[in-house]
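Chemist: Let the hints inform the model, and build the full structure from the sequences given.
There are 2 protein chains.
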Amino acid sequence: MAKHAISPTRSEDYPEWYQQVVRAGELAESSPVRGCMVIKPHGFALWEQMQGILDGMFKATGHRNAYFPLFIPLSYLEQEAKHVEGFAKECAVVTHHRLELNAEGRLIPTGKLEEPLVVRPTSETIIGAMYAKWIQSWRDLPVLINQWANVVRWEMRPRVFLRTAEFLWQEGHTAHATEAEAVEETLRMLDIYATFAERDLAMPVWKGPKPASERFPGAVDTYSIEAMMQDGKALQAGTSHFLGQNFARAQQISFADAEGGESFCWTTSWGVSTRLIGGLIMTHADDDGLVLPPRVAPEQIVLLPIFRSDDDRAAVMACCESLKAKLEDCRWRNEPLRVRIDARDIRGGDKVWQHIKQGVPLRVEIGPRDLAAGAVSLTRRDASPKDRQSLPLETFVAEAANLLEDVQQQLLSRAVAFREAHSACLNSQAEIHEAFADTGTIGFAHVHVADDPAVAAALDPLKVTVRCTPMDWEDEPGTCLFTGQKVARRSVIARSY
Amino acid sequence: MAKHAISPTRSEDYPEWYQQVVRAGELAESSPVRGCMVIKPHGFALWEQMQGILDGMFKATGHRNAYFPLFIPLSYLEQEAKHVEGFAKECAVVTHHRLELNAEGRLIPTGKLEEPLVVRPTSETIIGAMYAKWIQSWRDLPVLINQWANVVRWEMRPRVFLRTAEFLWQEGHTAHATEAEAVEETLRMLDIYATFAERDLAMPVWKGPKPASERFPGAVDTYSIEAMMQDGKALQAGTSHFLGQNFARAQQISFADAEGGESFCWTTSWGVSTRLIGGLIMTHADDDGLVLPPRVAPEQIVLLPIFRSDDDRAAVMACCESLKAKLEDCRWRNEPLRVRIDARDIRGGDKVWQHIKQGVPLRVEIGPRDLAAGAVSLTRRDASPKDRQSLPLETFVAEAANLLEDVQQQLLSRAVAFREAHSACLNSQAEIHEAFADTGTIGFAHVHVADDPAVAAALDPLKVTVRCTPMDWEDEPGTCLFTGQKVARRSVIARSY
Numbered sequence: 001m002a003k004h005a006i007s008p009t010r011s012e013d014y015p016e017w018y019q020q021v022v023r024a025g026e027l028a029e030s031s032p033v034r035g036c037m038v039i040k041p042h043g044f045a046l047w048e049q050m051q052g053i054l055d056g057m058f059k060a061t062g063h064r065n066a067y068f069p070l071f072i073p074l075s076y077l078e079q080e081a082k083h084v085e086g087f088a089k090e091c092a093v094v095t096h097h098r099l100e101l102n103a104e105g106r107l108i109p110t111g112k113l114e115e116p117l118v119v120r121p122t123s124e125t126i127i128g129a130m131y132a133k134w135i136q137s138w139r140d141l142p143v144l145i146n147q148w149a150n151v152v153r154w155e156m157r158p159r160v161f162l163r164t165a166e167f168l169w170q171e172g173h174t175a176h177a178t179e180a181e182a183v184e185e186t187l188r189m190l191d192i193y194a195t196f197a198e199r200d201l202a203m204p205v206w207k208g209p210k211p212a213s214e215r216f217p218g219a220v221d222t223y224s225i226e227a228m229m230q231d232g233k234a235l236q237a238g239t240s241h242f243l244g245q246n247f248a249r250a251q252q253i254s255f256a257d258a259e260g261g262e263s264f265c266w267t268t269s270w271g272v273s274t275r276l277i278g279g280l281i282m283t284h285a286d287d288d289g290l291v292l293p294p295r296v297a298p299e300q301i302v303l304l305p306i307f308r309s310d311d312d313r314a315a316v317m318a319c320c321e322s323l324k325a326k327l328e329d330c331r332w333r334n335e336p337l338r339v340r341i342d343a344r345d346i347r348g349g350d351k352v353w354q355h356i357k358q359g360v361p362l363r364v365e366i367g368p369r370d371l372a373a374g375a376v377s378l379t380r381r382d383a384s385p386k387d388r389q390s391l392p393l394e395t396f397v398a399e400a401a402n403l404l405e406d407v408q409q410q411l412l413s414r415a416v417a418f419r420e421a422h423s424a425c426l427n428s429q430a431e432i433h434e435a436f437a438d439t440g441t442i443g444f445a446h447v448h449v450a451d452d453p454a455v456a457a458a459l460d461p462l463k464v465t466v467r468c469t470p471m472d473w474e475d476e477p478g479t480c481l482f483t484g485q486k487v488a489r490r491s492v493i494a495r496s497y
Numbered sequence: 001m002a003k004h005a006i007s008p009t010r011s012e013d014y015p016e017w018y019q020q021v022v023r024a025g026e027l028a029e030s031s032p033v034r035g036c037m038v039i040k041p042h043g044f045a046l047w048e049q050m051q052g053i054l055d056g057m058f059k060a061t062g063h064r065n066a067y068f069p070l071f072i073p074l075s076y077l078e079q080e081a082k083h084v085e086g087f088a089k090e091c092a093v094v095t096h097h098r099l100e101l102n103a104e105g106r107l108i109p110t111g112k113l114e115e116p117l118v119v120r121p122t123s124e125t126i127i128g129a130m131y132a133k134w135i136q137s138w139r140d141l142p143v144l145i146n147q148w149a150n151v152v153r154w155e156m157r158p159r160v161f162l163r164t165a166e167f168l169w170q171e172g173h174t175a176h177a178t179e180a181e182a183v184e185e186t187l188r189m190l191d192i193y194a195t196f197a198e199r200d201l202a203m204p205v206w207k208g209p210k211p212a213s214e215r216f217p218g219a220v221d222t223y224s225i226e227a228m229m230q231d232g233k234a235l236q237a238g239t240s241h242f243l244g245q246n247f248a249r250a251q252q253i254s255f256a257d258a259e260g261g262e263s264f265c266w267t268t269s270w271g272v273s274t275r276l277i278g279g280l281i282m283t284h285a286d287d288d289g290l291v292l293p294p295r296v297a298p299e300q301i302v303l304l305p306i307f308r309s310d311d312d313r314a315a316v317m318a319c320c321e322s323l324k325a326k327l328e329d330c331r332w333r334n335e336p337l338r339v340r341i342d343a344r345d346i347r348g349g350d351k352v353w354q355h356i357k358q359g360v361p362l363r364v365e366i367g368p369r370d371l372a373a374g375a376v377s378l379t380r381r382d383a384s385p386k387d388r389q390s391l392p393l394e395t396f397v398a399e400a401a402n403l404l405e406d407v408q409q410q411l412l413s414r415a416v417a418f419r420e421a422h423s424a425c426l427n428s429q430a431e432i433h434e435a436f437a438d439t440g441t442i443g444f445a446h447v448h449v450a451d452d453p454a455v456a457a458a459l460d461p462l463k464v465t466v467r468c469t470p471m472d473w474e475d476e477p478g479t480c481l482f483t484g485q486k487v488a489r490r491s492v493i494a495r496s497y
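Listed in order, the protein sequences are those of chains A and B. The opening residue of the first sequence carries number 1 in my numbering; numbering runs sequentially from there. The opening residue of the second sequence carries number 1 in my numbering; numbering runs sequentially from there.
Careful, some of the hints might be misleading.
[Stated by the list, open to error] Non-contacting residues of chain B with respect to chain A, defined by C-beta distances greater than 12 Å in every case (computed):
| hint | residue |
| --- | --- |
| 1 | A45 |
| 2 | A92 |
| 3 | E155 |
| 4 | Q230 |
[Unchecked claim] Computed list of lysine-lysine pairs in DSS-like fashion (alpha-carbon distance at most 27 Å, straight line):
| hint | chain 1 | residue 1 | chain 2 | residue 2 |
| --- | --- | --- | --- | --- |
| 5 | A | K59 | B | K133 |
| 6 | A | K351 | B | K326 |
| 7 | B | K89 | A | K59 |
| 8 | A | K357 | B | K82 |
| 9 | B | K351 | A | K133 |
| 10 | A | K112 | B | K89 |
| 11 | B | K82 | A | K59 |
| 12 | B | K59 | A | K326 |
| 13 | A | K324 | B | K59 |
| 14 | B | K112 | A | K89 |
| 15 | B | K82 | A | K112 |
| 16 | B | K82 | A | K82 |
[Stated by the list, open to error] One side only, chain A facing chain B, incomplete, derived with CB under 7 Å:
| hint | residue |
| --- | --- |
| 17 | P32 |
| 18 | V38 |
| 19 | I39 |
| 20 | P41 |
| 21 | G62 |
| 22 | N65 |
| 23 | E90 |
| 24 | C91 |
| 25 | V94 |
| 26 | L162 |
| 27 | E166 |
| 28 | A212 |
| 29 | R215 |
Source of the hints: derived by calculation from the structure; they are not laboratory data. Heads up, the beta-carbon is just placed ideally off N, CA and C, and yes, glycines get one too.
Modeler: This is the structure in structure tokens:
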């Protein structure tokens with residue numbers, strides 16, 4: 001049996017495998033603060049790549065970034081009735097604003113606040129309060145603002161990247177003059193998330209509306225992108241909410257229209273978070289650790305010089321430096337390649353395995369023999385560590401961008417094939433029960449279900465939920481398997497994170 | 001008397017002028033949460049420019065970004081004795097982790113935490129706790145990590161950008177094997193801040209060590225950069241701390257050295273914040289509003305099409321689009337120019353004044369007459385709004401980068417000249433008393449003072465402090481005007497923000 005860098009393997013213990021991949025990949029670890037993670041440099045560099053691409057897509061569609069307060073007065077959360085019900089659960093509450101040192105050298109909270117402050121779990125209410133001030137007339141619309149921020153939702157069962165008390169995210173908040181424009185915006189951002197997931201994360205997703213039971217508190221419609229993890233479970237990887245006039249009415253966000261009347265705005269909000277990193281891991285990582293899609297890999301190519309003598313060292317390092325410069329002159333998807341030379345003085349095997357576990361797409365070894373032959377030894381992270389090929393150096397330079405594109409496409413097709421292999425159309429309650437009775441026989445079931453609480457109730461014992469009703473699927477009229485209502489197309493049901 | 005866009009003017013009421021510049025420039029405003037500001041899109045875009053440059057400088061010197069928890073357990077703050085004394089004052093304290101809705105629809109904090117959590121005022125203690133785990137051997141050193149984050153220090157008298165309860169900043173935290181390396185790092189980062197301030201913000205600064213009374217709580221040495229605002233006051237615009245082994249000892253951050261012994265690390269921390277935006281404003285803004293140095297201006301050039309008829313509109317807009325493309329192909333300081341066409345349908349005068357108040361470095365008006373002449377009408381923000389010049393379009397394209405460089409240099413030399421004009425060498429207590437007795441006669445006094453609490457005590461009635469002892473100044477041995485001790489060179493004393 002082959003030995004693997006990650007123990008346990010996926011088939012031995014999937015949840016523990018995930019934790020070990022995160023650890024071995026040096027992405028993050030838990031902190032002394034319950035439920036809060038530390039994002040380590042390699043994990044943060046990955047997040048920076050993702051941020052950079054998304055930020056560019058937001059700006060290209062007319063959005064601007066801004067920053068709103070971390071704290072929300074309790075009374076603001078109370079304004080929108082459904083919102084408060086949905087979020088009135090697990091929040092960090094600031095009640096004091098001062099510390100005093102007592103005689104024993106211990107710090108004691110003092111300076112009690114008149115009104116407690118909640119550390120934002122999401123910012124609709126505080127941002128809405130500002131929009132109510134900023135928006136006066138139709139000329140002020142649309143308002144298209146995004147915020148990159150930390151948010152806190154106290155979690156009883158934290159899990160790194162997937163569910164942590166504090167996490168990083170972006171939250172877009174927009175206000176529009178008409179319902180049609182707000183719906184268009186909601187779907188535009190959903191499309192951006194889906195494009196980003198598939199094109200950049202190589203993570204195929206189904207996008208569509210969620211049932212009422214799964215809506216964001218206070219939203220009229222919630223749309224999500226849903227990805228399949230390697231254990232068959234669904235991960236909600238991003239959401240876009242059409243808020244109708246609910247928040248605008250609660251917060252008095254109104255405008256004078258061109259005819260002189262006063263109307264409430266139509267608002268949206270949409271977000272993705274560091275949870276995407278969890279999704280990336282569980283889509284691509286294998287029993288040797290992380291596998292990063294080149295598009296978001298902080299280092300796309302690592303050059304590993306090999307030498308014993310000082311003479312060799314000089315020649316090999318010179319070759320690496322020159323190769324790095326040549327590669328950085330190449331462009332892939334309009335950007336220079338990201339290349340690192342790892343000349344650290346540690347055992348070659350340890351070094352190679354570190355890059356495997358960190359998921360670097362292409363590893364290139366260069367020793368005196370390669371130098372003499374004018375060649376490099378290339379290994380792709382999406383292939384076996386033993387699948388090494390020798391390439392003329394100039395060929396490698398000429399092909400590097402294509403190789404990255406090929407790894408990227410390979411990861412996407414694998415993930416699509418995996419999803420295909422673990423999805424099925426089911427047409428009766430019995431089939432659903434059978435499919436989800438044992439673990440692992442099915443990931444996504446495509447079924448006809450109505451948007452009805454009875455469906456959620458019927459699926460609950462199976463620990464299954466309706467994830468979304470994919471908009472890209474063909475219409476296929478049918479009858480809800482649980483309520484008998486007519487529905488226009490199938491939905492995805494699955495277990496989920 | 002000339003009319004100005006900002007009322008009151010600087011000479012009429014400087015503090016209120018500052019608030020009005022921030023408002024008219026649409027940079028930020030206060031929020032419903034006491035002491036917390038909202039950074040509006042234009043202000044945030046400015047911060048993004050500053051972040052981008054600094055982040056590049058940090059990475060070029062081997063630092064990597066990471067992210068640590070927002071919350072710090074109370075007991076962590078208690079670990080370093082001087083640190084806790086210095087920071088045990090105004091912090092936001094989280095005491096509960098749940099909200100419950102009572103019968104009246106009000107939210108009530110429940111779920112009391114066993115140990116209260118402090119919203120980070122700075123992160124030495126929580127980051128140190130992680131470093132103690134990560135660092136085992138000399139091979140793990142140095143650790144060079146930076147974090148971009150929000151921090152909270154409850155402020156009784158908040159002032160937008162300068163002193164707010166929540167602000168954005170970066171905090172670098174490094175650990176080293178030797179004292180010499182840590183001191184070198186401390187000074188390297190101080191240099192980076194000084195370079196950034198002068199080269200990019202066109203804000204001249206004095207850099208040097210602060211007296212013991214002004215040190216960061218727990219530091220061995222604190223160095224700062226100090227800039228002069230237009231009211232003559234000093235603004236501490238960045239700090240770099242050599243922490244010695246104080247935090248390492250308190251937190252057990254130790255390593256096995258190459259000889260097998262166990263030593264405590266030598267650590268540093270350094271930071272700049274959104275306060276820099278306040279400094280930028282008070283260095284360059286005038287009675288018409290913001291004046292942005294081109295290097296950090298989100299928009300360096302705004303093109304203002306002028307037309308009455310639809311025919312004119314088509315021709316003028318085509319010219320603007322083509323000009324924008326040409327300008328974006330130019331490079332200034334290795335980056336493409338940032339150009340916006342403002343074709344909004346609002347009164348031309350209002351539009352021009354909005355860009356003046358937002359500080360855009362170059363305004364270019366293009367109307368049918370310019371078009372016919374193949375020319376553009378150029379106005380520089382660092383000149384009078386009436387100083388308009390007509391330039392052949394191609395000349396403008398060829399000169400655009402030079403014009404930006406010229407504005408940048410002009411702002412720097414103006415600021416240097418202002419500082420020069422408001423600084424003086426003083427050589428007696430009497431001169432100091434006279435200089436600071438009235439407001440406005442002097443900004444910075446260069447004086448011989450010892451690093452002694454008696455100096456702070458003597459200056460306190462004048463509301464003056466020792467800002468720093470500039471390292472770039474020539475040695476000029478003298479005698480402390482207050483204690484008679486011998487000192488090697490002069491220090492800067494001033495009133496300050």
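Chemist: Please go over all the hints and tell whether each is borne out by the structure.
Modeler: Hints, verified against the model:
Residue-level check failed: A45/B sits 7 Å from the nearest beta carbon of chain A, not beyond 12 Å. Non-interface call for A92/B relative to chain A: violated, since the shortest CB-CB distance, roughly 5 Å, does not exceed 12 Å. For E155/B, the shortest C-beta to C-beta distance to chain A comes to about 10 Å, within the 12 Å cut-off, and the non-interface label is violated. Non-interface status of Q230/B relative to chain A is upheld: no Cβ of that chain comes within 12 Å, the nearest being about 26 Å off.
Taking the CA atoms of K59/A and K133/B, the gap is about 40 Å. The hint is violated against a cut of 27 Å. Distance hint between K351/A and K326/B is unfulfilled; the C-alpha atoms sit about 47 Å from each other, more than 27 Å. The straight-line distance between the Cα atoms of K89/B and K59/A is roughly 40 Å, outside the 27 Å bound, and the hint therefore fails. Annotation: proposed proximity of K357/A to K82/B is violated, straight-line Cα distance about 42 Å (limit 27 Å).
Only pairs whose Cα atoms come within 27 Å are accepted, and K351/B paired with K133/A is accepted, the gap being roughly 21 Å. Distance hint between K112/A and K89/B is fulfilled; the C-alpha atoms sit about 13 Å from each other, no more than 27 Å. With a C-alpha separation of about 45 Å, the suggested pair K82/B and K59/A falls outside the 27 Å cut-off, and the hint is violated. Simply put, K59/B and K326/A have alpha-carbon atoms about 21 Å apart, close enough for the 27 Å limit, and the pair holds.
With a C-alpha separation of about 18 Å, the suggested pairing of K324/A with K59/B holds against the 27 Å cut-off. With a C-alpha separation of about 13 Å, the suggested pairing of K112/B with K89/A holds against the 27 Å cut-off. Restraint check for K82/B and K112/A: the C-alpha separation of about 25 Å stays at or below 27 Å, so the hint holds. Under the criterion of a C-alpha separation no larger than 27 Å, the hint pairing K82/B with K82/A is inconsistent with the structure, at around 47 Å.
Interface hint status for P32/A: upheld, as the beta-carbon distance to the closest one in chain B is roughly 6 Å, under 7 Å. A hinted interface residue such as V38/A counts as satisfied when its beta carbon comes closer than 7 Å to some beta carbon of chain B; here the least separation is about 5 Å, so the hint holds. A hinted interface residue such as I39/A counts as satisfied when its beta carbon comes closer than 7 Å to some beta carbon of chain B; here the least separation is about 4 Å, so the hint holds. Interface restraint check: P41/A against chain B, minimum CB-CB distance 4 Å, threshold 7 Å, status holds.
Given the 7 Å rule on beta carbons, the hint for G62/A is violated: about 11 Å separates it from the nearest Cβ of chain B. Restraint check, N65/A versus chain B: the minimum CB separation of about 5 Å is within 7 Å; hint holds. Among the interface hints, the one on E90/A holds; its C-beta lies about 6 Å from the nearest C-beta in chain B, closer than the 7 Å criterion. With a cut of 7 Å, the hint placing C91/A at the interface with chain B holds, because the nearest CB-to-CB distance is about 5 Å.
Using the Cβ-Cβ criterion of 7 Å, the hint placing V94/A at the interface with chain B is satisfied: the shortest such distance is roughly 5 Å. For L162/A, the interface hint is violated, the least distance from its beta-carbon to any beta-carbon of chain B being 16 Å, above 7 Å. Given hint, E166/A at the interface with chain B, holds; its Cβ is 5 Å from that chain's nearest Cβ, closer than 7 Å. A cut of 7 Å between beta carbons decides the hint on A212/A: the least distance to chain B is about 21 Å, and the hint is violated.
At its closest, the beta carbon of R215/A sits 19 Å from a beta carbon of chain B; the interface hint therefore is violated under the 7 Å criterion.
The structure fails hints 1, 2, 3, 5, 6, 7, 8, 11, 16, 21, 26, 28 and 29 (numbered hints given earlier, in ascending order).
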